[in-house]
Amino acid sequence: MSMRELVTGGAACAVPGSSSSSSNPLGALANALIGSSSKTQERLREIPNAAAPTSDTQFYSQVDDSVAALPGSELDRPFLHSNAQGSDFIRGLRSFDDNGLADAWEEIQRQPHLDHLYDPAAAPIQPTLDGPPQRVLSSFLHSFVDSSRSGIPLHPTPLPLLGLSQGDKQCIRDRSSIMARHFFADKSEDFINAQVNALLSSLEIENDVRARGPVPGRFRELEDYWNESQGILKPGARSADGWVTEFSQYTAQHGDTNAWVRSFEQQHGASSWASEFEQEQAQLTSIDHLNGGDVANLAAIEQTRMLAHTLSQNDDPKFQNSKFLQFLSKMSRGELIIDDNQVKPASGSWATEYQQQYNGGGTWADEFVHNEVFRGPDQWVNEFATERERHEQADDQWVNEFSKLHVDDWVEEFGHQVGEGILGDTSSDNWANAYDEFLNEQVAAKQRSDASSGVYVFSDMNPYVGHPNPLKEGQELFRKGLLSEAVLALEAEVMKNPENAEGWRLLGITHAENDDDQQAIAAMMRAQEADPTNLEVLLALGVSHTNELEQAAALKYLYGWLQHHPKYGTLAPPELGDSLYYADVARLFNEAAQMSPEDADVHIVLGVLYNLSREYDKAIASFKTALKLKPNDYSLWNKLGATQANSVQSADAILAYQQALDLKPNYVRAWANMGISYANQGLYEQSIRYYVRALAMNPKADNAWQYLRISLSCASRNDMLEPCDSRNLELLQKEFPL
Amino acid sequence: MPVFKTPFNGYSVRFSPFYESRLAVATAQNFGILGNGRVHVIDLSPTSPIINELIAFDTADGVYDVAWSESHDSVLVAAIADGSIKVYDTALPPHSNPLRSLKEHAREVHGLDYNPTRRDSFLSASWDDSVKLWTLDRPASLRTFREHAYCVYSVAWNPKHADVFASASGDCTVRIWDVREPGSTMIIPGHENEILSCDWNKYDDCLIASASVDKSIKIWDVRNYRMPVSVLNGHGYAVRKIKFSPHRRNLIVSCSYDMTVCLWDFMVEDALVGRYDHHTEFAVGVDLSVLVDGLMASTGWDELVYVWQQGMDPKAA
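The listed protein sequences derive, respectively, from chains A and B.
Take the first sequence: its position 675, counting from 1, is numbered 675 in full-length UniProt numbering, and each next residue is one higher.
Take the second sequence: its position 92, counting from 1, is numbered 92 in full-length UniProt numbering, and each next residue is one higher.
No lab work stands behind these hints: they were computed from the structure.
These figures come from a predicted structure and were not determined experimentally.
Don't take each hint at face value.
Claimed, not checked - Incomplete in silico selection of chain B near chain A, CB under 10 Å:
1) F31
2) G32
3) A81
4) L295
All C-beta atoms in this analysis are idealised placements derived from N, C-alpha and C, irrespective of residue type, glycine included.
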């Protein structure tokens with residue numbers, strides 16, 4: 001039977017014994033030609049006399065014949081009546097038709113094909129050096145969606161720490177930038193930019209130049225506007241402070257607010273006050289991006305409210321009810337993960353982070369998050385007005401002016417932010433001060449939450465409390481690989497001796513190996529507090545922050561490592577510490593490596609640095625050099641593996657992880673990473689076994705549960721999703737033995 | 001009329017060219033901004049208003065478009081937001097799928113079109129500003145067409161000339177290409193705003209339509225493209241997708257961010273023939289059946305797929 005008969009569906013096409021697509025010879029052929037998975041290859045062999053899939057050229061030329069013979073493919077028919085303008089085009093078409101299709105598509109036929117093509121759709125989980133892969137948000141969202149249907153309670157994951165990966169952030173940034181230009185067709189470019197910026201900064205995504213900007217060429221003046229607004233990014237004094245200061249000064253000089261308003265009006269005009277405020281807000285957002293967010297998302301929230309406001313002005317009730325618009329606004333409030341009125345830990349919301357860290361503080365953050373507290377804008381204005389009237393006489397004017405400004409949103413926002421505290425006060429001084437305080441507090445909160453360091457959370461019911469020498473016990477347990485037990489012993493130690501750097505350090509290492517980065521970083525921070533010059537601690541912190549893609553923090557610790565190293569300390573000029581640039585730090589470490597090429601640690605740090613700059617080939621080379629010097633360092637093998645996985649060499653990565661596991665069979669992180677590498681190669685079944693093994697050793701490894709869930713879905717093992725959700729390890733281990 | 005609920009937000013719907021009751025639906029989580037995707041293959045029932053799902057394929061990123069193979073009744077290709085194109089065979093179980101993942105585009109793939117005359121190749125339009133030509137049996141694309149200065153949202157083969165196609169881009173142009181030529185043959189600066197979709201008339205191979213963020217649809221004659229043949233105004237927001245009728249020369253269907261699906265006769269003065277208001281979120285996918293005259297399908301971000309006969313109420317049970 002020829003290929004042609006197969007294509008045209010001749011009588012001989014019945015394929016006996018081919019189960020899944022027996023009714024469909026064309027489908028079988030397609031599989032045979034297309035697939036090179038073992039299954040489809042087998043089926044191909046079952047087709048009697050079927051030509052091997054190497055005969056593509058033949059197949060193609062025959063297809064050409066059959067296509068040419070198809071009714072309706074009137075290839076020789078010229079266009080209808082051609083007139084002047086399109087005639088070139090038509091002529092071109094006709095001349096091609098003269099040549100016939102064979103020439104036209106010969107390019108296709110020349111190309112070889114069909115060898116090892118099968119490229120399974122791997123869920124692109126990004127493994128990192130030692131840290132949690134960053135795709136958790138996505139699977140967390142997935143779980144959230146599932147939970148709304150299945151009724152399985154959602155386990156809140158500390159998302160702020162895990163964060164969105166660079167890739168996710170880029171997706172959100174790029175896609176929302178592009179889509180916004182479709183949604184807001186009637187709006188100006190700066191309006192659209194403002195919307196996108198609001199969305200992004202709420203999610204703590206930097207809107208750098210890589211995002212797709214406006215359509216090039218066509219809107220020159222808008223591009224200029226864009227560049228101009230980007231130009232504000234220059235570091236400088238925080239403008240908001242300036243504004244507040246200005247306000248305070250006026251109040252101080254003139255005593256009564258009315259005078260201030262008058263002189264302000266003289267200078268700026270009545271409505272320019274509001275617009276100036278808006279400008280300040282815009283600058284705040286920009287500065288926020290630049291400084292890694294040391295000024296909070298005030299502006300973002302404000303702008304999102306503007307978005308919501310604008311959209312709500314569309315009187316079409318359908319728009320009012322649009323879930324998409326609600327989604328947008330939720331997203332921009334950082335409440336992507338929200339369950340009705342109950343705020344769940346959402347990614348990138350500083351308010352939530354703040355709340356998490358200072359639980360039950362009854363602070364402004366709580367008030368801020370729980371909108372219920374805030375009073376309506378009108379009420380605020382009214383109240384303000386009444387207060388003013390009571391105390392001063394000439395204030396009406398100011399209030400009137402103020403209410404004429406049509407900045408309801410602003411008022412609302414302001415009332416919202418300042419909360420109740422200020423409403424009891426009457427003087428403008430206090431008002432300004434409160435605003436100032438609010439900003440400062442936000443800055444402080446931001447700084448606290450910026451580092452991915454949580455507060456260390458101790459386990460309940462620790463049996464090692466009261467143990468005579470918990471450190472020794474912990475070291476022993478760690479050596480034996482009983483990591484979860486070791487954690488308890490070491491916690492007992494640091495509770496007893498909070499200044500014991502070694503206790504904290506080992507606790508951090510144990511958590512890291514147990515695949516719990518949040519606790520690892522928290523412990524390492526304490527270790528560093530206790531002993532600021534401990535090299536191992538500095539290196540571990542450098543690695544952790546590299547995992548979190550926090551370059552500045554990572555550089556700080558890696559530079560600290562160099563600075564405090566007895567051999568290389570001289571290389572590090574202390575003045576450099578103030579402003580670290582990647583290139584400088586990398587240069588110093590290269591010098592150090594030249595100085596003593598036999599020092600494995602320097603090569604390790606270099607490997608970490610190259611990971612930071614995503615020069616994976618160099619990183620792999622550095623780790624390999626280090627491994628020649630330190631072949632028994634299991635964590636180093638893991639680093640090599642993770643780097644190889646990051647540079648899409650998953651097969652090599654598995655070999656490296658295997659080395660790590662040979663050296664340390666209880667290395668939970670390596671088991672989990674192994675699973676990730678298999679998943680990235682599309683070997684989901686295999687990956688499931690490794691995740692289950694990792695979880696059997698440490699059921700608290702939340703990330704591994706998330707990955708397991710993804711792999712189960714990808715492997716179409718939906719039957720095991722329930723045991724996964726209920727964390728039924730026994731059943732999973734039975735189903736997926738390694 | 002039948003309705004199908006998708007767990008994610010609908011992005012595209014296409015009738016099978018082989019089975020009159022079969023459709024493929026592309027969906028994406030979180031409105032395609034972040035999250036997973038799924039391709040549904042669904043079957044209408046001749047007797048009941050229930051739509052059955054034949055099979056579904058999950059993807060790690062949103063699915064923006066699907067296109068049925070014109071040569072194999074069970075094969076379809078899907079445009080994935082991660083830049084890949086995945087090939088599925090509905091005759092195989094999900095774990096044997098996708099048959100292939102073609103990853104060349106650097107950015108989201110937004111549009112696909114299968115060559116209806118040659119039947120062996122298809123085109124992909126991507127936000128990396130390029131269009132690529134593929135055949136199923138090759139791991140790499142045959143050609144890459146780079147001229148657009150911004151995202152390419154849609155591609156459409158000419159129904160008569162097997163080598164001619166059009167592409168619609170955010171650079172406000174439609175370009176006409178011949179795959180045998182290195183560059184585009186014609187550039188139509190059709191709108192003052194981004195162009196999201198284009199399609200060829202199925203009866204007149206010189207007529208092409210473009211749909212834009214400027215809310216309008218314009219019909220062009222490629223022999224004289226200084227002026228549009230017709231301008232269709234009526235949508236309140238960006239027009240997301242357009243499709244010429246395979247059965248009536250002058251009929252065109254469109255869907256829009258104004259949440260409606262509209263039918264137009266571009267040759268008459270009151271061009272708007274029908275407006276369907278059934279979606280409660282952006283309507284982003286629409287198709288007309290080649291096999292059944294007047295059978296229409298639409299999908300939107302309200303996670304619903306509607307299939308109905310022209311002139312009927314899509315929501316009527």
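Legend entry - Those earlier numbered hints the structure runs against, lowest number first: 4
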